[in-house]
Amino acid sequence: MSASLAPECNEVKERYDTCFLKWYSEKYLRGQGGTNENNECAAMFKEYQKCLTVALKDRGIDKLVEEAREDNKDNDALYLGRK
Amino acid sequence: MVLEHTTNHAYSHPFPTVTLAYFLRYCSPQLNPFAKHVLSTDTISSHIDPETGRLHTTRIHLKKSRLPPAVFKLLPTSITGGNEANKSSYILETSVVDMKEGWMSTESRNLNFVGVLSVVEKQIYTMPKSQAKDSTTDVETTVVFRSRLGDKLRGRLGQAASSDDEAAPAKGGFFARLGARGIQRSIESLASTKTVDQLGKSREGMGIIMERLRQSGVMGVLEALRRGRERGLETA
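Residue numbers (full-length UniProt numbering), protein chains in the order written: chain A, 1 to 83; chain B, 1 to 236.
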């Protein structure tokens, strides 16, 4: 599995990724995705996010993501005529 | 300034396999030899819309390349940060999969250097409506290149120029000499040429992953990745 941008999150990320790919191929693609609540990877995702959120903030990436989302709205309004 | 480029392609694999390969495409250079430039991949959100059953995923990739080298060479170091600058860029990827309706839409955009060049790639994967429904997948890729270099910096340069006007009237800044519009157009077209090259590689990479999935299934692929990781740890 590819690495996390934060090496300290690698282990939890790998566990989540493996779980997600298994769930995606064996359940979601077969129409048995269920809901967010009963997702078997939810606990692993939470653990992973706990680690990742800190790393994103430290590197200022959370702000870049926010800016991109704002910019996206502007561009869509400008070039696609959407509101 | 905006430059747009659209291409169509058909994968000779069924829709579910193509979507799985999409999630796996930066997994490991062992699985995809065309992903060596991807340093990391992280999921920042993943949820199913309870009304539609669609899966929404947001990921951040860190890629080794930043601006295309030709664009980089065109710009003064005051903008690019020179050769010492961080040589990687963050990409924000959002995707939506609808299994019931049989489509996946994706969008990738760069998070740094957006003032120089913003590249937004949108893809829509669909199950064909024809008889080949179970064995092929159509994909339409649209890439939009947009440089706002002059737009953003002209104001600042203008201010600097007015205060220095009498001291150095003939010199002129980078944009004054070459013209902001011309620079924007050059950046967009240089980037577009490079991206068209890369689209082919990205398809080849997807193809390799799907072949592996066909041969050994997802569990086989996951197992191979796990073994690869362990080997990596041993040699590290």
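By construction, these hints were calculated from the structure, which means they are not laboratory data. One or more hints might be untrue.
Below, computed lysine to any residue pairings styled on SDA-like, alpha-carbon distance capped at 20 Å [said to hold, decoys possible]:
#: 1; chain 1: A; residue 1: K22; chain 2: B; residue 2: S78
#: 2; chain 1: A; residue 1: K22; chain 2: B; residue 2: P14
#: 3; chain 1: A; residue 1: K27; chain 2: B; residue 2: E223
#: 4; chain 1: A; residue 1: K46; chain 2: B; residue 2: R212
#: 5; chain 1: A; residue 1: K46; chain 2: B; residue 2: E223
Checked hints:
1. K22/A x S78/B: The given pair, whose Cα atoms are some 47 Å apart, is violated under the 20 Å limit.
2. K22/A x P14/B: Satisfied, since the Cα-Cα distance of roughly 18 Å is no more than 20 Å.
3. K27/A x E223/B: holds, 18 Å
4. K46/A x R212/B: violated, 30 Å
5. K46/A x E223/B: Violated, at roughly 24 Å.
Figure legend: structure checked against the earlier numbered hints; hints not met, in rising order: 1, 4, 5.
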